[in-house]
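*Asks:* Based on these hints, arrange chain S on the given structure of chain P.
Taken in sequence, the protein lines are chains P and S.
Every letter in the first sequence is one number past the one before it in my numbering, and letter 227, counting from 1, is 227.
So the mapping is simple: my numbering equals the position in the second sequence, first residue as 1, plus 1000.
No lab work stands behind these hints, which were simulated from the structure alone.
Please read all numbers here as calculations on a predicted model, not as lab measurements.
Hints should not be assumed to be uniformly reliable.
As the list claims (entries may be wrong) - DMTMM-like, lysine to aspartate or glutamate: derived pairs with alpha carbons at most 25 Å apart:
(1) P:K98 / S:E1248
(2) P:K18 / S:D1152
(3) S:K1187 / P:D92
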Amino acid sequence: MNASRPAVSITGVSKQFKAGVTALTGIDLDVRPREFVSLIGPSGCGKSTLLRIIGDLIEPSEGTVEVNGKPAHRARLDHDYGIVFQEAVLYDWRTVSKNIALPLELLKWGREKRSARVKEMVDLVELEGFEDHHPWQLSGGMQQRVAIARALSFDPALLLMDEPFGALDEMTRERMNLELLRIWDASGSTIVFVTHSIPEAVFLSTRVVVMSPRPGRVAGIVEVDLPQPRTGRTREEPRFFELVTEVRERLAAGGADVVAAEAEAGAS
Amino acid sequence: MSSAAVQRRAVEWGPALAVFVLGILAWQGLVAAFHVQEFLLPKPTVIARTFWDERGMLWDAGIYTFKEALGGFALGSGLGILVALLFAAYAPLGTAFMPFAVAANAIPIIAFAPIMNDWFGLLNPFSKMAIAAVLCFFPVLITTLRGLTSVDPRAIELMRSYAANRRTVFRRVRIPASLPHMFAGLKIASVLSMIGAIVGEYFGGPTTALGVTILNASAYTNFPVAWAGIVLASAFGILFYSAVALAERLTTSWDPSRRDFHRE
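This is chain P alone, in the form it adopts within the complex (with noise of 0.2 Å):
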């Protein structure tokens, strides 16, 4: 992979949809391969538009994006996704295993070398011991580490997270977001992450990409430069508060201080 080159490249993205209302205008964006980005702003800023523009489950009305340097279509025809939703999106019907082992059948791998990988990616979100349990039988939490495993397992050059912690009690959060930064770290991969938390949006990323509603466009981009790994002190230390509140005044100087006082009192 060129490093230079941007993993994600967006350019000049605009959306309208077809009642008239313009979700997103002229963003430009550029994510650095092994990147940890997140996406905050208020209720309808378009942050969860732009994550399924970037992945090609909708088109923008203007504007390209390139991924690894090819159209976004041609990305998704080469599986360079994985997305996770706020809600897990398991199938029923298939057991954790096969859950996580759906993309590789469609990827037509040899049955060997796919539960293979499966072990693998069971031990990375560690749920050994529970592979053959269904969806039903999982907590939130753990469902939600099999969705990960499930977006992971093909190696996608390129993680989209929509809100997957949002569903989720404050404290599995927390340790989800442990979990998502050391699975982070061991599978390369670069993360575009949509959050309306400031707090958990600074702990996570490298850097926040902060929108403004009505119509969605980028207000600012805070670099988040506090030390890795980032540990649970990490949100306790001056500069993580700072950073936080940087975030929030980016935020009401777009015009979202009431809504993202609301986003605040959600999260805390």
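*Replies:* Just chain S now, kept in the frame of chain P:
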């Protein structure tokens, strides 16, 4: 099954069993106490004795009619599933035809039974299969189509992100996700197929058929035989339904809405 499981089963089914036994006893007692005429309602003991005395004839008649029901069920449900797949694959077809399917499901299709007898012949078992098949077709079509089309859109988006084509999405997601819905339709169809076969026979059929046996017995005031026939028809209906329910349990044990089956 462990002894604890047996005990739990007993606690679960105990009340229903008690109601059943008490109901039979009350039936027996009330018929005896008020000297109810046999043509109105025979005693359970009389029905049971008749059932035993006539077991050979009743069993043959029951099997004959059950085969009609089974044939109609297979034909109607099979077609229902095929058409549902077709409508799900080509949405415009579904949009054009589904309002009629829903309307057809609301009319008393059994009213067509005499016509089917005219079309296919009174003594031809296919005339009863046909009416059972039409009865089964609509509920299976409607429930299966709902299952195929009401899949979580994000489950489809995920498949798209794996670059899966429509065929693969069908095979890997839509069809398995539709199974719980489809079985709801099949359970309704199992009941309707027995109704279709027996009512079809009421409009005429060979004397070896259960419906004709019940009809003739009541026409010639042989009420215990008529009631014994009804009991047998009920038994076949319940067994058929239970068989479909068992198949459902075996194939959809993963369904979160059925998790109460997993307690053991």
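*Asks:* State for each hint whether it applies.
*Replies:* Here's how the hints hold up against the structure:
With a CA separation close to 21 Å, the supplied pair K98 (chain P) and E1248 (chain S) stays within the 25 Å bound. Taking the CA atoms of K18 (chain P) and D1152 (chain S), the gap is about 22 Å. The hint holds against a cut of 25 Å. Restraint check: the Cα-Cα separation between K1187 (chain S) and D92 (chain P) comes to about 22 Å, which is no more than 25 Å; the hinted pair holds.
In this structure, every one of the numbered hints holds.
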